[in-house]
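Colleague: Sequence:
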Amino acid sequence: MTSKQAKKKPSMAAAAPAPPATKTAFPIVGIGASAGGLAAFQAFFSGMPANTDPGMAFVLVQHLDPQHHSILAELITRCTPMPVFEAVDGVVVKANCVYIIPPNHDMAILDGALQLFAPSMPRGQRLPIDYFLRSLAVDQRENGIAIVLSGTGSDGSLGVRAIKAEGGMVLVQTPESAEFDGMPRNAIATGDVDYQLKPAEMPERLMAYAKHAFRTARLPAPGQVVSMLDSELNKIFVLLRAQTGHDFSLYKPSTLVRRIQRRMALKQIEKIEDYVMFLQKTPQEVEALFRDILIGVTNFFRDPQAFEALDAQIGSRLLAGKQPGERVRIWLPACSSGEEAYSVAILFQERMRNLKQSFAVQLFATDIDSRAIVKARAGLYPPSIAADVTQERLAGFFTNEPGGGYRVRKVIRDMITFSEQDVIKDPPFSQLDLISCRNLLIYLRAELQVKLLRLFHYALNPGGILFLGNAEGVGETDGLFSVLDGKSRLFLRNDNALQRAPANFIAPLMNTAVTLAPHTDTPAVLVKRTLGEETEQALLQLLAPACALVEGNGDILHLRGRTGMYLEPTPGDVGIINILRMAREGLAPDLRLALHQAAQSREVVRRGGLRVRTNGHFTRVNLTVSPVLPGTVDVQPSNRYLVVLEEAPLAEAEAALESPGTQAAEPDTPNDVRVAALKLELGAKEKLLRSALEDNDTTTEELRSAIEEMQSVNEELQASNEELATSKEELQSANEELATVNVEQQNNVADLARALNDNRNLLAGSGIATVFVDLQQRILSFTPSATAIFKLVATDVGRPLSHFVTNLQAYDHMTDDITSVLDTLATKETKVQDKAGRWYMLRILPYRTIENVIEGAAITFVDISEVTKAQVDIAQLQQALAKLKESEQRFRAVVSALSEGVVMQGADGCINTWNSAAERILGLSGEQLQGLREFDADWHTIHEDGSPFPLEAHPG
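Numbering (this note's numbering), first residue to last: 550 to 1505.
Hints were generated in silico from the structure; no laboratory data involved. In this text the structure is predicted, and so the values were computed from the model without any measurement. Hints may contain errors.
Taking CB as the label site, the calculated pair distances span [unchecked claim]:
(1) 1374 - 1420: 27 to 37 Å
(2) 1032 - 783: 29 to 39 Å
(3) 904 - 1258: 21 to 31 Å
(4) 1239 - 997: 56 to 66 Å
(5) 1258 - 969: 36 to 46 Å
(6) 1482 - 1446: 24 to 34 Å
No residue lacks a Cβ here, since even glycine has one placed at the ideal position from N, Cα and C.
Could you build all of it, start to finish, from the sequences and the hints given here?
Modeller: And the structure:
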């Protein structure tokens, strides 16, 4: 029975990664299925080893029609000897039992007890499998096992990732064996599936895994962990570092040991020494262990309250102190598959829309997992993210993909640079306004945590914010951070703390940079510097030329020195920070060409004596474009260039006016005339080139306008497409539910057919003539025996019973009796006889449905002819017996009245009848006579005086 009142459903996205309060001593298997799931369920349980308790609990979650009563529990009961229950709210899960989700409910597990909730999402958008599996992962950790069977859509994919992240095992039905392969394929696409098997093959693998994972490979005690670290665990670290280049020796051992034990259980290896040897021989297993260690729980807007707090800080602190167009830099280390990075980008985009201002927001998202980075760059996620992302955000920041799923819109993807980076050993980013590093520090040892926190302090700008996970803090870090929002783990960089480059890291090129933002009245924060740093800064200001660090397309990353002589903002383009657009007259053509040549040759390109208009007159300028070499900046350097601009010395400027190797010509010579003509021609060509560039800019603007219009049209089409996609999802969900109901109905039909056949055979075998009529006394059905009374044929169904004449004698009020029974609901019985002389017991009773609704009457004729004949015979025998008894009584009266002694023997020779005279004559009592067997002459002997002969004197 289902719970009558379901609780309000909590968000699984808000679940903190805290250990469970109560973890069962046995594994709990969550099995999810949708359309086609019944056959898979039946195959799975039928494949369980006979006469063996699996030692685990099974929780079945299927997409069910909320309006339809499910008989899934009844169907599964036929396939397994284990008890099968429909889940009720608060039931504690027990081993060797099966629990099934009831219709129109979502289900979670807390402290080993199932919790039922009213669905919070509309029909068609519910993801009950993901919801349960994610709660199972949080509650049971490595004791949780996920199985995904047949179904359409992607429900279960997020749950699979959660189970794998906590160290559980994941099995998925092979797409080829599934009736609907959508759910299996989406689960496999996560890359977190341990085995792909047919349902009937899963129990054997499940039992083998449980035997190793929960009996012989449990987590060692703390002392045992240290012992492992001193021996075999260090060997595993060496193998991992040799193959992947990453050192895990500073990670917390408990997490690593759980991952190692999981791999040992999957490979059915019991000893750690054997597993080390297996790693040495199998590079693929080293890679698999590496991937297992990297797996982390991530999803969009994980912990919504914390993201709401971050959103408030974005509006009140990060953007409040900046001018429109100013750069905002964010770093997200350990970004995994990108959900958190896109979540932060969406928050910034929403804030900019609300403020109606544009900022140059740039996010750097990094991870050591190259496969996760590839997935993050693609920005394609399964439909199940609808559980974590609101419909408004899905519509505004995602597009529906034709093949299913959501892709992050380009406007958000362009804000983020994804790159592979090891935060522990690689150089950090710098000049950051926000660092979001959630749920990484909890896996690291204390000394490494302190090292990274110092690194984050160094990388943040004054007033920068650090965003950590729910179970993380800044600890003892010499006052590097102050608490901004303790509940949400938001910390503010303490600008009074001593800032120095962290050890083992290359100091970024931009650590003393001047920001591009316009001047504000906000007072600067003074940072104490050493004498060496003061000297270096003074030399840079005195001697360093104006320069800019740019991307390959000309976007400016950083400016240094007095660049105003060579660069100026383009009128009307607020926020444009492209060096080609900002270059003053005379500089842009050569700058564009130099950037192109530097990109092609990867060598330094120089242009000397360029005529650049500055302050109303032309100045000779030397231009140098140098590709940035690897290791000199904080991000991937393959497409960045240092542009150096400096005024040419007077001698160089004069030399630029003369042709090489010639002397200055005398005035008014033909050479002077030619030079003047060439200058005029050059000026005309410069004007022509300038005009062409202006035309090109105009065309570009027109194209941009056309693109914007096309984007507007595309957004409208996309909105329509999203509405259609939503309708498609709802129809698809309804179709899945109908498919499930259809399978159940097919089983119902089969059961009903069997029951109907049983009833027909029962009635035919019993010989009872039966006729069923409706409330109007129309024939509904009848048994073959009824044709002997009513002369019915198959085509008579539906005709009134009154149309037929029976062969009964003296009984013509059947319709009246039926009417009486329907009115009073009281059964009527009477004996009737047909014209052939056979007798029947006629019963008329109401026809009741399962719901106790009267829909007609049932008329039965039980042949009692033999019974009636037997009753007549019995009556005759009883009469004869009565006469016999009467004769016997008369005889006894006569015998008793005789004065002579009378003794009678039975067939066995024993005396059974005598009279009182015999007792007197023989001198024996009735008890003495009873049972005597013999007579002889001495029986008749009496004394001469006539006295009785004593008994003891009689012969024996």
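Colleague: Can you tell me whether the CB distance of residue 1258 to residue 969 sits inside 36 to 46 Å?
Modeller: 38 Å, holds
Colleague: So the hint says 27 to 37 Å: do the beta-carbon atoms of residue 1374 and residue 1420 match that?
Modeller: 31 Å, holds
Colleague: Okay, residue 904 versus residue 1258 on CB: inside 21 to 31 Å?
Modeller: Holds: the Cβ-Cβ distance is about 25 Å, inside 21 to 31 Å.
Colleague: Lying within 56 to 66 Å: is that true of the beta-carbon distance residue 1239 to residue 997?
Modeller: Given range 56 to 66 Å: holds, Cβ gap about 58 Å.
Colleague: Within 24 to 34 Å or not, the Cβ separation of residue 1482 and residue 1446?
Modeller: 27 Å, holds
Colleague: Using the Cβ atoms, figure out if residue 1032 sits within 29 to 39 Å of residue 783.
Modeller: About 38 Å separates the Cβ atoms of residue 1032 and residue 783, which means 29 to 39 Å holds.
Hint violations for this structure: none, all hints satisfied.
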